[in-house]
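Peer 1: Given next are the chains, with one letter for each unit.
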Amino acid sequence: MTKKSHPYSKLPDYAYWRQGVADVPPGALDPVVEAPFRFAARDEVATAGSCFAQHIGRYLKSSGCNYLVTEEPHSFIGPQATEALNYGIYSARYGNIYTSRQLLQLFDRAYGRFAPGENYWREGAACVIDPFRPQIQPGGFNSERELDYDRERHFHCVREAFEKLDVFVFTQGLTELWRSREDGAVFPLCPGVAGGDYSAAKHEFVNLGVEEVVADMTAFIERLRSVNKKARVILTVSPVPLVATAEPRHVLLSTVYSKSTLRIACDRLTRSLDQMAYFPSYEIVAGGYAPTDYFAPDRRSVTQEGVAHVMRVFERHFIKRSAAQEALRGAIRALAPAARAEDPIAEAMRLMCDEEALSLERIEAARETLADAAEDEAEGGEAEERPPPD
Amino acid sequence: MKILGLGHSHIVAIAKGCYELQQQAFHICGKPVVSRFVYLYDEQLLPTLEEENERLRLNAQLRRIIDDERPDVIVLSVGGNEHIAVSVTQPKERFDFILGAEPELPLEAGAILLTEAAVRETLREKMAPTLSVIKAISEEASAPLVCLEPPPPLPNSRILAFPKEFFRKAFDPRKLSSEVFRYKVWRTQSALYREICAQCDIMFAPVAVEFIEPPGVLAEDARGADASHANAFFGQRMIARAGELIASRRVDAE
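In order, the protein sequence lines correspond to chains A and B. As numbered in the UniProt record's numbering, residues 1 to 390 make up the first sequence, in order. As numbered in the UniProt record's numbering, residues 1 to 254 make up the second sequence, in order.
Note that these hints are calculated values from the structure, not bench results. Please note that the accuracy of each hint is not assured.
Residues from chain B shown here face chain A by an in silico Cβ test under 7 angstroms; the list is partial [what the hints assert, rightly or not]:
1. L45
2. F95
3. G100
Some but not every residue of chain B turned toward chain A, in silico, with C-beta under 8 angstroms [as the list claims (entries may be wrong)]:
4. I66
5. E69
6. P91
7. G110
8. P163
To spell it out: a stretch of chain A is covered by chain B in this simulated footprint if at least three of its residues, at any positions, have a beta carbon under 8 angstroms from a beta carbon of chain B; those stretches are [what the hints assert, rightly or not]:
9. 131-145
10. 252-261
11. 277-283
Positions of the beta carbon are idealized from the N, C-alpha and C atoms, including for glycine.
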């Protein structure tokens, strides 16, 4: 029988599972076929997103790219304090941006288009938390006045980043969010977890669908390009699972829902908008198809090896370097201390992973319950041995 | 009442003050005060923290001193000049901050406003050795501990009179910070002392208000012979303050 021609007969290797995935050596899985654009190492790249986005920024900085940071620490602030105050993790000090709605509202707040009613969370007399950056600095702010000053400068830096960037890399993390019933202001963390007081009358849970994510991102990109025509956007989906779900179902189901929704939204956006690319961080790490397991024992933290794989693929397809830049990068690599490949990067991620506050709170609650139980037990035991009162 | 004093440069004024009180037959909790003061930069006591079984522990010789002396109270004046080291001059981009405890204090016109957290966390970084030593002492000592608040900053006139205390070369006086700014940094430093004291169950003895002159400098009658230290009179009052704290803790315990 002669071989007939059909749509699959002349497809390239990447279109076949065996050649594209199964036969690929460990660490070589590369699901990017052709990036719609590449950026030069000198181009200014801004980042935002959920915890995983921090790795992209770190990589860009350490590999000699032009990582755009507009909110720099004052020269007085020491290196450890710089870290504690979350400078340089992202292009401006906005902390983690988990959802498309949060990103859109950041833009609107920075440009004075949206002023949320719930703008301060007061914690006692000497602490005010920024509801939109609840863990941005230890101890919060000492007053509304101090927060206002800092926020004004922060918004200036956010605007500067949006207006200067050549490329914006946004790592989408979640679809679940908590917002104000009054005006729809979205908080990165549920009120009450790291500041504020949860009230069912004031706050509501929302789990975004594909259409909502697409609408948010489309609106954001339109606004971004209204202030910066040259902006190119790379979207990715964080492979890091949800810490907790507010849906009445198992966290694994909610994780798959969130990631699937975000993945479909990215597909829709890259098909409909120009100068948009999708980068498959999620597929490389969490697809379960790479020969190496890239999750640490907690099944949430991504190993250094996993991050390295993701960034290797990112570098190959998105970054354009001259020979001189390649040489510089080689020198940087040679001078950098060797990383331990099998170390989980959980510690680094906790640096600014607001979501972790949810699980910490749960551990604290469990500890308190255990302590109460132990106390009750001790009181009971003691009562039995206590001599009768005179 | 046997006092063991441990500390760096500020302990000198405290020791002098304590010896003067002893000569006046000063009592704490009804007992005459006897004391020994140990300067932590004594070569035999360095490094103050030693690595032992992968953790930092107080110098073995210092541990022996604490054990041998069997003090009723240990008075600490560890570190304490970090505030002046970071605040005596202003960087090119002058800055200021709102002190949460005294928000009405003036801000320098035209200065960049940092958050108090930025100042506090930078100080925490500079004070890391001091805070580690205080913690290590608290882990080794069985006697109650009192941490004395370091003296507030001295006025510009003193700094300009003793520039070599801070600068190797001649410095531009225009870079000198304002007195109220230095006061705010000193208060921020004190907040870190209070924090470590609360963590380690150490009593904190604040500087008496009469030793702080407007706009927040060490009162003239408490100044030492240079641009950062206090005198024996200040030392006397701080020891008396430590005594009050010890007495009130005993009353509470009873």
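Peer 1: Would the stated hint for B/L45 survive a check requiring a Cβ distance to chain A of less than 7 angstroms?
Peer 2: With Cβ-Cβ at 27 angstroms, over 7 angstroms, it is violated.
Peer 1: Can B/F95 be said to touch chain A, with a Cβ gap under 7 angstroms?
Peer 2: With a closest approach of 6 angstroms, the B/F95 hint holds.
Peer 1: Using the nearest Cβ pair, does B/I66 come within less than 8 angstroms of chain A?
Peer 2: Violated. Min distance 30 angstroms.
Peer 1: Are three or more residues of the stretch 277-283 of chain A within 8 angstroms, CB to CB, of chain B?
Peer 2: With 0 residues in contact (Cβ-Cβ under 8 angstroms with chain B), the coverage given for the stretch 277-283 of chain A is violated.
Peer 1: With chain A as the partner, please determine if B/E69 meets the hint condition of a C-beta pair closer than 8 angstroms.
Peer 2: violated, 35 angstroms
Peer 1: Given B/G100 as an interface hint, is the shortest Cβ-Cβ distance to chain A below 7 angstroms?
Peer 2: The hint holds - B/G100 has a Cβ within 7 angstroms of chain A, the shortest such distance being about 3 angstroms.
Peer 1: Three or more residues of the stretch 252-261 of chain A near chain B by CB distance under 8 angstroms?
Peer 2: violated (count 0)
Peer 1: Would you say the stretch 131-145 of chain A counts as covered by chain B, given the rule of at least 3 residues with C-beta under 8 angstroms?
Peer 2: Since three or more residues must qualify, the claim that chain B covers the stretch 131-145 of chain A holds, with 8 doing so at under 8 angstroms.
Peer 1: With chain A as the partner, please determine if B/P91 meets the hint condition of a C-beta pair closer than 8 angstroms.
Peer 2: Interface hint status for B/P91: holds (5 angstroms vs cutoff 8 angstroms).
Peer 1: Quick check on B/P163 please, does its C-beta sit within 8 angstroms of some C-beta on chain A?
Peer 2: With Cβ-Cβ at 21 angstroms, over 8 angstroms, it is violated.
Peer 1: Restraint: B/G110 near chain A, CB-CB cut 8 angstroms. Satisfied or not?
Peer 2: The hint is violated - B/G110 has no Cβ within 8 angstroms of chain A, the shortest such distance being about 14 angstroms.
Of the numbered hints stated above, those contradicted by the structure are hints 1, 4, 5, 7, 8, 10 and 11, listed in ascending order.
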